[in-house]
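Q: Quick note, the sequences are listed as chains E and P, same order. Reading the first sequence from the start, the letters are residues 1 to 327 in our numbering. Reading the second sequence from the start, the letters are residues 328 to 858 in our numbering.
Don't read these hints as lab results, they were simulated from the structure. There may be inaccurate statements among the hints.
As the list claims (entries may be wrong) - Distance windows between CB atoms, simulated:
#1 E:32 - P:464: 39 to 45 Å
#2 P:361 - E:64: 43 to 49 Å
#3 E:167 - P:741: 48 to 54 Å
#4 E:179 - P:835: 28 to 34 Å
#5 E:64 - P:464: 54 to 60 Å
Stated by the list, open to error - Below, simulated DSSO-like cross-link-like pairs (lysine-lysine); rule was C-alpha separation at most 30 Å, straight line:
#6 P:858 - P:589
#7 P:404 - P:803
#8 E:166 - P:803
#9 P:836 - E:166
#10 P:623 - P:769
#11 P:546 - P:434
#12 P:450 - P:790
#13 P:623 - P:790
#14 P:835 - P:647
#15 P:835 - P:404
#16 E:166 - P:551
#17 E:166 - P:835
#18 P:623 - P:546
#19 P:803 - P:544
#20 E:166 - P:589
All values reported here derive from a predicted model rather than from experimental measurement. Using N, Cα and C, we set each Cβ at its ideal position, and we do this for glycine too.
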Amino acid sequence: MNSPLLRYFGRRCLQALVVIFIVIIGNFMLLHSVPGDMVDVMAGQGGDMDAELMATLRARYGLDQPIMVQLGHYILNIFSGDLGYSYRHSSSVLTMILHGLPATTLLVVCSVIVAVIFGTLTGVLAARHAHKPLDVALSVVVLFFYATPIFLTGLALMLIFCVELKWLPLSGLTTPGVDMGVFARIRDIAWHLILPVVSLSLFYIAIYARLARASMLQVMNQDYIRTAHAKGLSGVHVILGHALRNALLPVVTMAGLQVAELFGGAVLTESIFGLPGIGRLAYDSVFERNFPLILGILIVCSFIIILVNLVVDLIYTRLDPRVELSR
Amino acid sequence: MSIRSIKTLWIASALALATHAGSPMADEPVRGGTLSMIISPSPQILTSAITTAGAEQVVSSKISDSLLTYDFDLNPKPQLAQSWSISPDGLRVTFKLRPGVHWHDGKDFTSEDVAFTCMNVWKVLNGRDRTIFGNVTSVETPDPLTVVFVLSAPSPGMMKSLAAQQAQILPAHLYKGTDIATNPYNLKPVGTGPFKFVSYAPGDNLVLERNPDYWDKGKPYLDKLIFRFISDPATTSSALESGEVQLVNQNLVPMSDLERFKDSGDFDITTKGYEFQNEMEMSEFNLDDPIMKNIKVRQAIAHAVDKQWLLDNVFFGYGKVANTPLHSHLTALYDTNGVPAYGYDPVLAAKLLDEAGYKAGPDGTRFKLTIDPLPYGDYQNLVADYMREALKQVGIVVTVRSSDFAGWVKRVYTDRDFQMTVNLLTGGSDPTIGTQRSFWSKSFKIGVGFANGSHYMNPEMDKLLEAGASEVDAAKRKQDYLEFQRLAMTDLPVLPLVAVDSVTVANKKVHNHSIDAHGTFGNFADVYLSK
Chain E
1 MNSPLLRYFG RRCLQALVVI FIVIIGNFML LHSVPGDMVD VMAGQGGDMD
51 AELMATLRAR YGLDQPIMVQ LGHYILNIFS GDLGYSYRHS SSVLTMILHG
101 LPATTLLVVC SVIVAVIFGT LTGVLAARHA HKPLDVALSV VVLFFYATPI
151 FLTGLALMLI FCVELKWLPL SGLTTPGVDM GVFARIRDIA WHLILPVVSL
201 SLFYIAIYAR LARASMLQVM NQDYIRTAHA KGLSGVHVIL GHALRNALLP
251 VVTMAGLQVA ELFGGAVLTE SIFGLPGIGR LAYDSVFERN FPLILGILIV
301 CSFIIILVNL VVDLIYTRLD PRVELSR
Chain P
328 MSIRSIKTLW IASALALATH AGSPMADEPV RGGTLSMIIS PSPQILTSAI
378 TTAGAEQVVS SKISDSLLTY DFDLNPKPQL AQSWSISPDG LRVTFKLRPG
428 VHWHDGKDFT SEDVAFTCMN VWKVLNGRDR TIFGNVTSVE TPDPLTVVFV
478 LSAPSPGMMK SLAAQQAQIL PAHLYKGTDI ATNPYNLKPV GTGPFKFVSY
528 APGDNLVLER NPDYWDKGKP YLDKLIFRFI SDPATTSSAL ESGEVQLVNQ
578 NLVPMSDLER FKDSGDFDIT TKGYEFQNEM EMSEFNLDDP IMKNIKVRQA
628 IAHAVDKQWL LDNVFFGYGK VANTPLHSHL TALYDTNGVP AYGYDPVLAA
678 KLLDEAGYKA GPDGTRFKLT IDPLPYGDYQ NLVADYMREA LKQVGIVVTV
728 RSSDFAGWVK RVYTDRDFQM TVNLLTGGSD PTIGTQRSFW SKSFKIGVGF
778 ANGSHYMNPE MDKLLEAGAS EVDAAKRKQD YLEFQRLAMT DLPVLPLVAV
828 DSVTVANKKV HNHSIDAHGT FGNFADVYLS K
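Chain P on its own, in the form it takes in the complex (with noise of 0.2 Å):
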C-alpha cells in the first residue's frame, strides 16, 4: 500500500471512532412499539382518586396527569400546571393552569375539574388525601385556567403531593352529580394523560393506547402500553427472562433472582424512581403492654438486632440501615445529627434487660415475647424470624405468630392484641404524609389501621409535629423536624429498621422509564424502545 493510502485509511478509521465514540446509542427517542409491564395485584378500579394502593397507581398516572410531578429532589415540576406562586402567610395557593389540554373525549380541561376533584373526590373518599388536603377549606376558580387553594392552616405537605401518582384529577363534566364511587368511568377512565383506555380484562390485562391529542406535542413514543396483572413471582421472572414483558417495577422481582437478572447483561437493575413514596420496613411496640412499656426493653431491643444484617440478609443490600423514622430520600430534611443511634450490641442490651428489671431466670430465659409479622411479601417475616434468633442470644424468648392480611389489620389495630410488629410503612414525599401517623396522638383511632398502632401520646412531640406541619420557612422547617428525629429515637415507641429501596427491572431496550421521584407511577410519556 502507498503512503498516501494508509494516511488515508488512518483518518478515515479515527475520524469512525471519533463520531461512534461521541454519540452513544439510542440518543434519538424511537417512535412506536409495544410495552408490558407486570404490576400486581390486579387493580379493582382504574382511577387512584379514590385509592392509594400501588397497582392504581402505577395504570391511573398514565391515563391522567395532575397539576405537578416532581424530580429527585422531591423539587415540584410543572405539569398541567405552568405556573404557581404561594401567599406569604402560606394561605392561599395559586396555580396557572396550561392551556389547551383536553380530556381523552375532547373536552377542554379546566380550573373546575381540579376544584371539583379536590372537594368532592380528595377530601372525601381518598384515606391520604383526606390528610394532606385536609386544611383545605375552598377551591377558588376565578378564570378556567386558574385554580386557587384556599387554606386553613399552611400546608407544605401538599405542596408534596400535587402528583398523579397521589393526587389525580377526574372530570368533573362525567363525575359530577353521580355516585363517584361507583361510577361507570372508573373502569373505562377518561383522562388527560399520554395513554388512552383501550380496554380491561379483570385479573388478566390492561390496554392502553397513544393519546394523539397529548398536550405535549410529539410524545409518547410507546404506540401502546399493556400492563399484565401477574401475582405469582417464579412467572413475573420468567415472563421477564422470555422478553414477554419488558418491565417489572416495585420489588415483584423476589430479590433473589435480581443477581441473574444482573449477570445476564440484558437487564437494567435500578432503585430509582421511588423518592415518592419511601417505604420504611420498622417494629412498632405496643405502649400499652407492661413489658413494652419499659423504655430500657425497647432500648435493649434496639440493640439487639443487627440491622445491618437486616439489609444485607433479607433485603439483599436493597435499602440503607434506618436510623431516623425518615427516609433518607428526604434531602431537605433527613438528619442524623444528634440522633440518638442504637449500634448492635447485644452485651448492652443485656444489661439494658438486667436495669430494667428482667433478670435472666436459670435457663437464661428474662421475659417472652411474641412478634406479629405483616402479611404482605415475604420481608416481614423474614425479619421477624431473624429477630426470634437475635432476641434468644439476649433471653428473650419469641413467638412469631402469623396470620393473614386482615387478620392482622384487626389484631393489632383493633384488638391491640400485641407486644411487638414488623410493618412497612410508607413515609410518603413529606413527613406529614405517612411518617406523621405513626408519631401523632391524634392519629390514634381503634380501628384505624396504620395509624399510631404503639399508642404514643406525648404531648412535645405533638407540638413538633404540628409546628412542622404548618412551617413556611425552610430552614424553621428543618428544624422542626431534625428535633422530630431526635425525639423519636430518644421515646423508641417505633423502631425503624431499613429504609427500604424498591427495585424496578427493565429490559435494556426501554429508555427513560425512571426518569424523576414517580418512576415507573410516572405518565411514561418520554419512554421509548429502542430495536
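The shape of chain E in the complex, shown without the other chains (with noise of 0.2 Å):
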C-alpha cells in the first residue's frame, strides 16, 4: 500500500504548499492595505519623535520600499528558513513565535482533550437517557457554558479560585524567580494551566455534547446496532465498541476545526490568564503594525493547521474504513 499512500502524501504536500503561498501573499497585501505602519506605533508609544528619525527607521526597517519589493525579499528569506526580524522585540520572528509556542500548544491541546472527553462522554449519556430529565438538565448545564462569554467564565473561575480561596495561582504559565527541578516545574505549569483549560474547556464542551448526542441518537437506531443487541452484547459493549466509533466522526472533524481555530484564536484566555502565547503575540503585533511578526504567526499556524487537518484525515480512515485515502 506504499505506493497509492506516498502519492496521497506527496498530493498534500503540494496543496499545503499553494495554501501557504496564497496565505503569505493575501496577508502581506491585506496589511499594507491598512493604515499606519510600525514606525508611526513606536513613534506614538514613545512619546514623539522627531521626521529625522522617523525616516531613519523607516529606510533600517525597509519600509520605505516599495510594496512588490518588500514582498518580493520576504518570500525570498522564507526560503532560507529566515522569517524576519522583529525590531520591537529585538528577537528573530522565529524566536518570538518559538517562545509562544509552548504556552499555547498547551492549553490548545490540553482543551481539546478535555472538551472532547467530557463533551463526548456528556452526549453519550445525554443519548443514553434521551428526553428524560436527566438530558434535559445536562442540555442545560452544557448551553449555560456555551452561551457565557470565555472571558466571563475565566473572571469568575479567577474570583472563586485565586482571589477568594487562593487555591490556585492567579495567571502566567510558571511561578517566576522560583528556582525548581523540573518535575516541581512540571507540576507548577499545570498547576498554572488548570483555570485557562477548564475555562476554555467549558466553552466547547456544549459543541461535543451536542455532536456526539446527535450522532449517538442517529447511530443508536441503525439496524446493525439492533443486531448486536440481539446477539446478547451488553449495553456498553453496543456503545463502545461500535457505536461510539462511528458516531466520532463528526467529533473528530469538530476537534480539528477547534484545535485550527484556537492556535491563533485564544486570545482572549491568554489575556486574561496571562499565557505568553502567539494568540496574544498576534493579537498585539497588529495593533502595532508588526508586519513580519504577523505573517511570520500566520505561516506557522497555516502550517499547523494543515498539519492537524491531515491528522484528522488519517484518523478518519481508522475509524471508518468506508473512507480511502487515495483515488
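Hints given; two lone chains; assemble the complex.
A: As C-alpha cells, then:
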C-alpha cells in the first residue's frame, strides 16, 4: 500500500505549499492596505519622535521600499528559513514564535482533550437517557457554559479559586523567580494551566456534547446496533465497541477545527490568564503593525492547521473503513 | 490590690503607651523579601536609553542609575553625579561623578560611559532625548570622574531631565563599536543600579535580584523584584487583591475599582510619584479646517465643555481641571494669573457660535463635527462621548470616530484628516520636553506624531518658547512661561481639559515606593516589605 500512500502525501504537501503561498501573499497585501505602519506606532508609544529619526527607522526596517520589492524580499528569505526580524522585540520572528508556541500548544491540546472527553461523555450520557430529565438537565448546564462568554467564565473562576479561596495561581504559565527541579516545574505549570484549560473547555464541551448526542441518537437507530443487541452484547459493549466509533466522526472533525481555531484565537483566555502564547502575540502585533511578526505567525499557524487536517484525515481512515486515502 | 502595686501598674502602662505611641511600626527597614509588580504592556527592550515607552522606563531605572534624581518639587538630587555646576553663560555644565561605582559585570563606571551614551544613543536613537540634548555639541571627559556637557545654547530643560527615567546611561565597554539598536545586551542589561538582571520571559515576567555591590551600601533592602506583564485590567485587580502582586502603578487598576481598594484597608492609594511625567488630557483643533480656524468657534467649544464634570466622572476626581497647558506639578512655572479661563457656560458658547456666523438651523443644528479620541486606554473615548452630548446642547452634531492606535496616528499626523482630537499628551518635567511640541511651529512636520497637531504657526509664540527654552535666570524664565500660558489660552490651538493624576495602588506592606518625582519609575533602592 506504499505507493498510493506516498502519492497521497505528495499531493497533500503540494496543496500545503499552495495554501501557504496564498496565505503569505494575501495577508501581505491585506496588512499593507491598513493605515499606519510600525514607525507610527513606535513614535506614538515613545511619546514623540522627529521626522529625521522616523525616516531613518523606516529605511532601516525597509518600510520605504515599494510593496512588491518588500514582498519579494520576504518570500526569498522564507526559503532560507529566515522569517524576518522583529525590531520591537529585538529578536528574530522565529525566536518570538518559538517563545509563544509552548504556552499556546499546551493550552490548546489540553483544552481539546478535556473538551472532547467530557463533551463526548456528556453527549453519550444524554443520548442514553434521551428526552428524560437527565438529558434535559445536562443540556441546560452545557448550554449555560456555551452562552457565557469565555472571558466571563475565566474571570469568575479566577475570582473564586484565586482571589477568594487562593487555591490556584492567578496568572502566567509558571511561578517566576523561583528555581525548581523538572518535576516541580511540570507540576507548577500544570497548576497554572488548570483554570485556563477549564475556562476554554467549558465552552467547547457544549459543542461536543450536542454533536455526540445527536450523532449517537442517529447511530443507535441503525440496524447493525439492533443486531448487536439481538446477539446478546451488553449495553456498554454495544456503545463503546460499535456505536461510538461511528458517532465519533463529527466529533473528530470538530476537534480538528477547534485546534485550528484556537491556535491563533485563544487570545481572550491567554490575555486573562497572562499566558505568553502566540494568540496574544498575534493580536498585539496587529496593533503594533509589526508585519514580519504577523506574517510569521500566520505562516506557522497555517502550517500547523494543515498538519492537523492531515492527522484528522488519517484518523478518519482508522475510524471508518469506508473512507479511503487515495483516489 | 495594694496602693503600691496599683501605682506600679499605672506607671508601667503609661510607659508602655508612651513608647508605643512614639515609635511608629516598621520605622526600621526590613531586609529581604520579593516584591511583585504589574506593568503593561510587556517591555520590548530592557533599556530605556533607546525608547521612552513607559513599561521600559519602569524596568530600566531599577537596573541602572543615572546622573540625578528629582524630588517632588523637581529639584535635582545627586545619584551617580555627586555635584555639578553650570557656567554663568549656561554653555558648560560640569558633573563630578561618584567614585567606586561599578557596572554589574564589575567594570568601573566612568565619564566615558556618560559621554558615549549621550552622543551615540540619546542624541541619535531616543525620540525625546534628541530634543532634550539637542543643544549638546560635545561631551568632554577630562578625567574618569568628570563630565562636561558643552552646549550651543543654554538648556534649562536638560537640567530637568538627567534621571534614569529619561536619560539612561549605557556601559560603553559593551556597546562601543556595535549596532546599538540590536545589541544583545538590550535584552540582558548590565547596569549600575540596585537590581541585577536575572531572567526575562517575553509576555510573561521579568526577574531582577539584589545587587550586593550597589554603591549605596546597605541598599537595596529587597532580595528580588519580579515584574508581571498582565494586560487585562480585571486580572490586574484580581492579582492585587489576591496578594499575588503587591504593587500596580500608572492607572493599570481601573479608576472604577479604586474605591474597592480604598475601602478594604489593606492598600495605599497615592497619586504622588508622577511629577516627572505630567500627563495632560487635551483636545487639539485642526487649524487648517475651515470651521476650527475660527477662534470664536474654539472659544465656544471651550465654554460648552464642563471640565469639572469630566474630572469627577471620567477621572473619578484624580487630577485637576486644566486652565493652562502646563501641569500643576510644574510648581516653578505653572501660573494662571491673567491667563484666560473658559468656564462652563453653554449660553455664552451659543452666543459665540452665533457671532462666528454659525446660526442654528430649523432643527437646532449649527454644524457637524468629527472628534477622534486617542485609542490608548479608555479615558479619551469617554471624554469624546461626553463631548458629543455637551456639544449637542449648543447645536453642534458630533460624530466620534474610532480607530486603532496606528490608524489614529496616521489619520491625525500624516493625513491630517481630522477636526478635533481628544489626546493624552505627556508634559514632562519641563515645558521644553513635552508641552512645547504642541505649540512650536518648528515641531510641525507631516508624519511626526504628537507634535503640533493643530498646525499652529505663531511667530510670537515661537519667540516666547525659544526664549524660555534657553533662559538661565529663574525669574525671567517664569515670566516667559507666564506669557506663554497667556498666549496659549488666548489663541487656543489646543484646549487643555484635565491635568491627569496617575494612581499607584500598593499593598500596605510595601514601603517607600513613591518617595520622589519618579515614584514607581525610580530605582526602588529604599523599598522594603514589612512583615
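Q: Which of the listed hints are not met by the structure?
A: 5, 8, 18 and 19
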